[in-house]
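In order, the protein sequences belong to chains A and B. The opening residue of the first sequence carries number 1 in the working numbering; numbering runs sequentially from there. The opening residue of the second sequence carries number 1 in the working numbering; numbering runs sequentially from there.
Don't take every hint at face value.
Claimed, not checked - Straight-line alpha carbon distances no greater than 25 Å define the calculated DSS-like cross-link-like pairs of lysine-lysine that follow: (1) B:Lys5 <-> A:Lys362; (2) B:Lys235 <-> B:Lys120; (3) A:Lys362 <-> B:Lys116; (4) B:Lys84 <-> A:Lys362; (5) B:Lys84 <-> A:Lys129; (6) A:Lys185 <-> A:Lys134; (7) B:Lys131 <-> B:Lys175; (8) B:Lys232 <-> B:Lys293; (9) B:Lys232 <-> A:Lys234; (10) A:Lys134 <-> B:Lys84; (11) A:Lys134 <-> B:Lys34; (12) B:Lys5 <-> B:Lys194; (13) A:Lys362 <-> B:Lys34; (14) B:Lys235 <-> A:Lys234.
If you are wondering where the hints come from, they were derived from the structure by calculation, not from laboratory data.
Now for the letters of each chain:
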Amino acid sequence: MYSELKPLDDHGANTLSPQLETTEQALRAYVTFIQCNADAAFVGLGDGSVRVYALSDNGVVNENGVNESAVSEELNGGPWQNLDPSCAKVFSAGGLPLCAAVCPVTQRLLLGTDQSCLLEVSGGELRNKAQLAKGWVEHVAVSASGLSAYASNKTCYVLDGTRQLCQIPQSAGSISGLQFSADSKDLAIAGYGGIGIWRVAENKLLHELQYPGAHLNMRWSPDGRYLVTATPDKEIHCWDLSKKTSFRMRGYPAKIRSLCWSADGKHLAAAGADSVTVWPFVNGNPSGKPPYEFGYSFEGIVTEVAAHPSEPIIAAGYNNGTVLMGRYLKGEAIIARAASNDAVSALAWSGDGRQLFVGTQKGQLCRVALKNPNF
Amino acid sequence: MSTEKLPVTVITGFLGAGKTTLLNRILTQDHGKKYAVIINEFGEEGIDNDLVVDSDEEIFEMNNGCICCTVRGDLIRIISTLLKRSEQLDGMIIETTGLADPAPVVQTFFVDDDVKERVKLDAVITVVDAKHCHEHLQDSHEAEEQIAFADVIVVNKTDLVNDSELAAVREQIGKLNRYAKIHPVMQSNIDINKVLDCGAFDLQRILDIEPQLLEDEDDHEHDESITSVSLKTLKPLVPEKFSQWIREFIMQRGVDILRSKGILNLADQENRYVFQGVHMVMDSSWGEPWGEKARQSRLVFIGRNLDEKALREDFLACTQS
Numbered sequence: 001m002y003s004e005l006k007p008l009d010d011h012g013a014n015t016l017s018p019q020l021e022t023t024e025q026a027l028r029a030y031v032t033f034i035q036c037n038a039d040a041a042f043v044g045l046g047d048g049s050v051r052v053y054a055l056s057d058n059g060v061v062n063e064n065g066v067n068e069s070a071v072s073e074e075l076n077g078g079p080w081q082n083l084d085p086s087c088a089k090v091f092s093a094g095g096l097p098l099c100a101a102v103c104p105v106t107q108r109l110l111l112g113t114d115q116s117c118l119l120e121v122s123g124g125e126l127r128n129k130a131q132l133a134k135g136w137v138e139h140v141a142v143s144a145s146g147l148s149a150y151a152s153n154k155t156c157y158v159l160d161g162t163r164q165l166c167q168i169p170q171s172a173g174s175i176s177g178l179q180f181s182a183d184s185k186d187l188a189i190a191g192y193g194g195i196g197i198w199r200v201a202e203n204k205l206l207h208e209l210q211y212p213g214a215h216l217n218m219r220w221s222p223d224g225r226y227l228v229t230a231t232p233d234k235e236i237h238c239w240d241l242s243k244k245t246s247f248r249m250r251g252y253p254a255k256i257r258s259l260c261w262s263a264d265g266k267h268l269a270a271a272g273a274d275s276v277t278v279w280p281f282v283n284g285n286p287s288g289k290p291p292y293e294f295g296y297s298f299e300g301i302v303t304e305v306a307a308h309p310s311e312p313i314i315a316a317g318y319n320n321g322t323v324l325m326g327r328y329l330k331g332e333a334i335i336a337r338a339a340s341n342d343a344v345s346a347l348a349w350s351g352d353g354r355q356l357f358v359g360t361q362k363g364q365l366c367r368v369a370l371k372n373p374n375f
Numbered sequence: 001m002s003t004e005k006l007p008v009t010v011i012t013g014f015l016g017a018g019k020t021t022l023l024n025r026i027l028t029q030d031h032g033k034k035y036a037v038i039i040n041e042f043g044e045e046g047i048d049n050d051l052v053v054d055s056d057e058e059i060f061e062m063n064n065g066c067i068c069c070t071v072r073g074d075l076i077r078i079i080s081t082l083l084k085r086s087e088q089l090d091g092m093i094i095e096t097t098g099l100a101d102p103a104p105v106v107q108t109f110f111v112d113d114d115v116k117e118r119v120k121l122d123a124v125i126t127v128v129d130a131k132h133c134h135e136h137l138q139d140s141h142e143a144e145e146q147i148a149f150a151d152v153i154v155v156n157k158t159d160l161v162n163d164s165e166l167a168a169v170r171e172q173i174g175k176l177n178r179y180a181k182i183h184p185v186m187q188s189n190i191d192i193n194k195v196l197d198c199g200a201f202d203l204q205r206i207l208d209i210e211p212q213l214l215e216d217e218d219d220h221e222h223d224e225s226i227t228s229v230s231l232k233t234l235k236p237l238v239p240e241k242f243s244q245w246i247r248e249f250i251m252q253r254g255v256d257i258l259r260s261k262g263i264l265n266l267a268d269q270e271n272r273y274v275f276q277g278v279h280m281v282m283d284s285s286w287g288e289p290w291g292e293k294a295r296q297s298r299l300v301f302i303g304r305n306l307d308e309k310a311l312r313e314d315f316l317a318c319t320q321s
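So that you can see chain A by itself, here it is in the shape it has in the complex (with noise of 0.2 Å):
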């Protein structure tokens, strides 16, 4: 437990509510992801194991993660009650769980791992959606449509539902990220030497944007105007599509292991240094703006961000287990979890902006949740 909340640095005054609780579980393995659907947490782990917990205190999730009442289906068991913080559901995934989406639709979890399948949860257990001969499957994307894409090595594949829309081979390397724009049309394949956008009902190359070098962690802004990526170089690159230009943002010192986008789509939240660092696309790009800065003073790395769902809050894991939830604009941030001496490793924050789950390389996983949606 971690109610006890520290004074800030110095940067920001301590004015937040403390209005946080927190509880905290070990699972002795590395937390590969955390993804939350309108009603419950999936939590991938390393020990090949996806954990389900329910979002709701008393809340009731069906075995598929789902609440009876938001979607109904039949089911092959009864409703069960996850009874905080004992786990709701413990699915075998049959290998090391790597990347994880949820279905806007059917808020069904997908999952990728490194026995060459995408599993989807269905009917009460994780079921093979697709199935490759070889290769691990490292990114999977979900569109608002409903559609789905999964990538291993240097192939990319686009699924209606279980039947296959496209095939779309990469010839510059391995995949390294996978996005739906969000009128669920094109497609955001990132790799080596730069991002092409596939038109999926076409199946054809609308634009291809050019870099040298490697492309991870990309992010497509929600107005689909920026496609940001980060490379081995310690840097952002960033593509304005409307202008047709690219631009970076540097200053790291370490490996930028995560980027998002705030609620309002308008900044930009990276890990990679001894504090977060949020950079303004308020009137044009942020060339010649330093970025809004917070939670500098805690000895770590930032290691992993998460924009919450509606407010202008970023949460930041330290790769010495700190976890803050900073108000960007204002320079200001609560602490939501002390330093374990243990990287954070994933963050997620349920739908509704009220709880962060946290997860750590050594298998710690965490539940914040929020009394005051106002703090």
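Using the hints provided, position chain B relative to the given structure of chain A.
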């Protein structure tokens, strides 16, 4: 962080030298240890191990303008993913293809944060075919580099050559790399402790075990394009002078410098200063305290067109006057 870093062994060598046989010998010895093996392609000969990952060599160029600063993107991805598994490993072994350039492999361990934090390079092992070593070296640039990069050289198939031929192979290897430990073997048969978790990449550890390793023989020839140079002095080095010199030298000559290693006696410091480099990529840290040991700085370069006399003069100019 505080956790012990996992040792990684890199096995290089020309096609047919016996890399895969060596790998299988290592894996099947009765050591009770668990290794993950990363290979570039599934060869005809299977790998006798539970955890084998097949990878495509993906060379990532860094954009900072330095042409020799490349890393292996596939290794970064695979190593970071293997580290997420709950299964406890005793180490990882990377087998490269016969034509692979060892530099990007080694540089990966200096450059990527995720890799650097969790694993350490234990040794670069080069398998050499005693019978065909001479022709491989004549025909191929890669063969030369693989020997130059090695910390340990396994001279295989010694049953196919006589004593004088073996001596010639040793001499040829010595001209390229005077500092690697050489193990002559037959049918890739070697004691696992000589190749795995032996710390051969760590100059300090290897000098503690074999203090004579860097001792000079005074019969240098300069007809080979790749040579090794060893510099030493008991005079303390002035940190500012040394760091300026090494930085400029590596900037200007990095392309030619395949490996650099050093243990330095910096003025007024209790601890040794240790560094390792490949081309322009360097990694340095404080080592053990000198204690009762002679405070001798040693510096080794393996590379092309090295002017030993000039290097020695420049190096000695960094000492306290």
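Give me the numbers of the hints this structure contradicts, sorted from smallest to largest. Hints 2, 6, 9, 14 not satisfied by this model.
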